[in-house]
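Since each chain sits alone in its own frame, please combine them into the complex, following the hints.
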Amino acid sequence: MIIEIERLQLYYSAFHALKNVNLSIPENRVTAFIGPSGCGKSTLLRTLNRMNDTIPGVRIEGEVTIQGRNIYGSETEVEFLRKRVGMVFQQPNPFPKSIYDNVAYGPRLHGVTKKAELDGIVERSLRSASLWQEVKDVLKKSAWSLSGGQQQRLCIARALAVEPEILLMDESTSALDPISTTKIEELTRELREKYTIVMVTHNMHQAARISDRTVFFLNGEVVEASDTEALFRSPVDQRTEDYISGRFG
Amino acid sequence: MNLPETRPSADPATPRNAPATAGAPAPKPAGKAAKHRLEEWRGQAFVYLCVLLLVVIIFSIVVFIASRGLTPFVSQGVSVKEMLFGLEWAPEADHPMFGALPFLFGSFSTSLLAAIIAAPLGICAALFMTEMMPKLGKTILQPAIELLAGIPSVVYGFVGLSVIVPFLRHTFPGQGVGIMAGAIVLSVMILPTITTIATDALRSLPAGLKEGSYALGATRWQTIARIILPTTLPALLTGVVLGIARAFGEALAVQMVIGNAPHIPHSLFESATTLTSIITLSMGNTTTGSLHNNALWSLALILLLMTFLFVFIVRMLERRSKHA
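From first to last, the protein sequence lines are chains A and B.
Take 1 as the starting number for the first sequence in the numbering used here and just add one per residue.
Take 1 as the starting number for the second sequence in the numbering used here and just add one per residue.
FYI, nobody ran anything at the bench for these hints, they're computed from the structure.
Check before you lean on any hint, since a few could be wrong.
[As the list claims (entries may be wrong)] Derived EDC-like pairs (lysine to aspartate or glutamate); straight-line CA-CA distance at most 20 Å:
1. A:19 with A:61
2. A:97 with B:318
3. A:97 with B:211
4. A:97 with A:123
5. A:114 with A:101
6. B:135 with A:53
7. B:210 with A:79
8. B:210 with A:171
9. B:210 with A:53
10. B:210 with A:101
11. A:19 with A:224
12. B:210 with A:77
[Stated by the list, open to error] If we take Cβ atoms under 10 Å as the criterion, some of the chain B residues that face chain A in the derived model are:
13. 135
14. 207
15. 208
16. 210
17. 211
18. 218
19. 227
We treat Cβ as the ideally placed atom computed from N, Cα and C, and that holds for glycine.
Just chain B, with the same shape it has in the complex (with noise of 0.2 Å):
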């Protein structure tokens, strides 16, 4: 998710890196140590080719976004500001107005939401499973929730449509399909993410650390309020992030709940998009190269920025678990 597979690449070359050899081939009397050096060249010539050939997708990948989603501010006419904080999205009137807020407000407050909603339930789950029922806990809980992780996104969505959405119709005000239905589902949907690092965190924990406390006569709440927690807390956060990241990017289950009206709700439970939804949704109805087009590309552009921006928090909260 953090693109650990471009790592390699900067990693220092090991000075055995043997150009020498390279060309070629060994001299017969040298035997055996030619031999091992012609392998050792053949697998990182291997490595460093699957490494290049990923960096050239990658690039490549944010080149095409970037050239297409900067068309309409740099030769179309259209301004930052407005695709920023415009209210009004209507691409094919005469006048075209490109107003992304209404879109970029769903995607946040969906992917906060969802984050709010799962973030206790997960973290919950995994303190459950490793300091309360670890053997109850692995067989049973920690299954169910990877299993989460597998359910298609559109069977989300269905089921989200089919039993939230009339739940939230009935017993709040407005049509039940907006912003709160999709946090709902996009919850779900992220949990396996949450637990899982959750898990992972409090499972390398030094067992001093605990043991520590226990033995100052600490009850095991206090040690998890006091010790464990604040220890541990720049992992769980990671896990939050990357919840949001995903939360963030996913498309379909969302755009089945949230009704899709492209302006700002006044609450929870009133039709609202998001940036994917609408893309999603108008790809299919433009032309390559028309304005249009573009300005989804420019969503596009903006959905790739915040996904930096998460692997940037990420990667910021790493650095401080690895320094506490």
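So here's chain A without its partners, still in its complex pose (with noise of 0.2 Å):
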């Protein structure tokens, strides 16, 4: 188990948007996050690299320990930890530069500044985000003139860029097509040789289809956790088969 959170409660200033999170999540495996709007699954996948640190209001209690070390503890400096925890957006976000420079912006960060070194992780990266092809010609094009599956794929290609070993997916294909959804989803299938994904997404089929394992979230609190065939198959809790027979959410 390369993620373990314990007894994890999250406030948004007086609401208490996660309640009492326990949750294992394994390596190297695609673990999905499922259950209606403002169930608490996007603020949970946020309180794995401490985006939600940002907000003002918020306050956590709990553990989440990753590789065994508390993330939420005074020695972890949040630059290092997301660095090691990537993530996508729900909307694609390349900056307003060249590709080159999207995929070059994580390692400058932590201080690569050899031109040849940089080369190898931009053409490393693109290909492992299946970009190498369509762009190899066009990198100092800007990233903006990208189609929106494309811009998805490059943003995917700088979280990688900085070697990290978890990739946090929030929602990352709801913007998109469903040609690239797919691209997406086959390439989030292949990185997790090498990865551990976590990934959002409102969309059950997709949890389904590409996930191992599933967790189904309700009003802050997890409800039923389990290998994802097993979940969408046999959900032990009334409330999960409810939702995803489709009879709410």
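Set out below in structure tokens:
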């Protein structure tokens, strides 16, 4: 288990958004968080790289350990944590820079300056995000000239460029067309060979298609967490069954 | 400032612009529809009239200034070269001279220096208000800076004359009055322009860009320096250019602290003058139609052309920020 979440409580000022979450996330697997809007799945995802830190009024209790170290402990450096735990967002958000500079952004932040080294990282990352063939001749072009699906794969490449161990994907296909979605789903399957992937999706079928484990959230609580096949074939909790059979949400 | 009021005239008129209903009163059976058309027509007519009036006013101002300002060159024997590069301004002498270079120099140096002082202050204030302490910025710093925009320029000039000039006189060699004093006063005056535009630009930055940077392990400073500032640069420069334009056109406050000696000074702490100061100081002593009076109009024409130039630069920057 690469991530262990224990007795996690999260409050947005007075609102109790995550209630006593206990969860283990296995290494080199795709774990999907599903549940209706506002159930806390994205909030939990954002506690894993401490992106909630920037939101005023957030209070967190409990423990989140990654490879045995509490990421909310005083000795954890947020910047270093985020380098290890990459994130891809719902809307593709490439920087208004060239394709090359987008991918090189992370490595440069962390001190890589040699051109040859950067070139290698950029090519490797773009290949891993299956984007290299499409952009290898236009690396100097603005990232904003790419299509939405390409932009999202660029954002994946950008996240991979700092060599994270964990990749968080926050509804990363919901703003994309079906073909781009399929590409990103295939990519996600490939990436789990090397990375632990935690994804939030509002699309149950997507969770069923590509995840190894599925966690069902409702009102800030974990209702059920098990292997994807088991969860969809024979859910233990009645609420899970109601949700996956489309009775609500 | 960049005349957005003239835009509606450039819009293609809506196809429903109905000359059919314009003349005759609508027939009775059409009832409601006719009433709507009449209202539509009345509203459009009013807007078009206002725009037309505005265009006429702007056009007349430009034509008037140009006709007066060009007279010395066209029919009174002054050369453009003399005006732009001449060093001697003696309009009432037996051999009148119209070298406006010292004024141009004074206007440009005070405005640019003011921008150099105010730009970092304004942009840092904007960063503070948007990125660092939004709450404190919004409740205290922003109103304080906006207040600066409401202070009359004579008050700035007075404060400059009683505080800044004596300070400069005691600290640096020279009389205290001069370009430095003018630039300091102007920098405070243009601070609200630069800060407000910078704040708007920073606030309108998509949140996703900042998150994307933080998620890669960037610190706040790295995010500001590598993403926020480069992305908003055209808008930030727009604020600076508008600040320079404001400083360039400011007359009273500068005139009170610059000393008004019509020559190019050897230091920042020596008496100098600007285009606006020389116009306000001299215009009461000339008669309409005289060469001296027309020469002042030429200076006004130069100011007008500079304003056009600033507006043009701002437009270019806006276009660049849209196609980023």
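For each hint, the structure was consulted:
no.: 1; hint: A:19 with A:61; verdict: holds (10 Å)
no.: 2; hint: A:97 with B:318; verdict: holds (18 Å)
no.: 3; hint: A:97 with B:211; verdict: holds (16 Å)
no.: 4; hint: A:97 with A:123; verdict: holds (17 Å)
no.: 5; hint: A:114 with A:101; verdict: holds (13 Å)
no.: 6; hint: B:135 with A:53; verdict: holds (17 Å)
no.: 7; hint: B:210 with A:79; verdict: holds (14 Å)
no.: 8; hint: B:210 with A:171; verdict: holds (18 Å)
no.: 9; hint: B:210 with A:53; verdict: holds (14 Å)
no.: 10; hint: B:210 with A:101; verdict: holds (16 Å)
no.: 11; hint: A:19 with A:224; verdict: holds (14 Å)
no.: 12; hint: B:210 with A:77; verdict: holds (19 Å)
no.: 13; hint: 135; verdict: holds (8 Å)
no.: 14; hint: 207; verdict: holds (9 Å)
no.: 15; hint: 208; verdict: holds (3 Å)
no.: 16; hint: 210; verdict: holds (8 Å)
no.: 17; hint: 211; verdict: holds (6 Å)
no.: 18; hint: 218; verdict: holds (5 Å)
no.: 19; hint: 227; verdict: holds (6 Å)
Hint violations for this structure: none, all hints satisfied.
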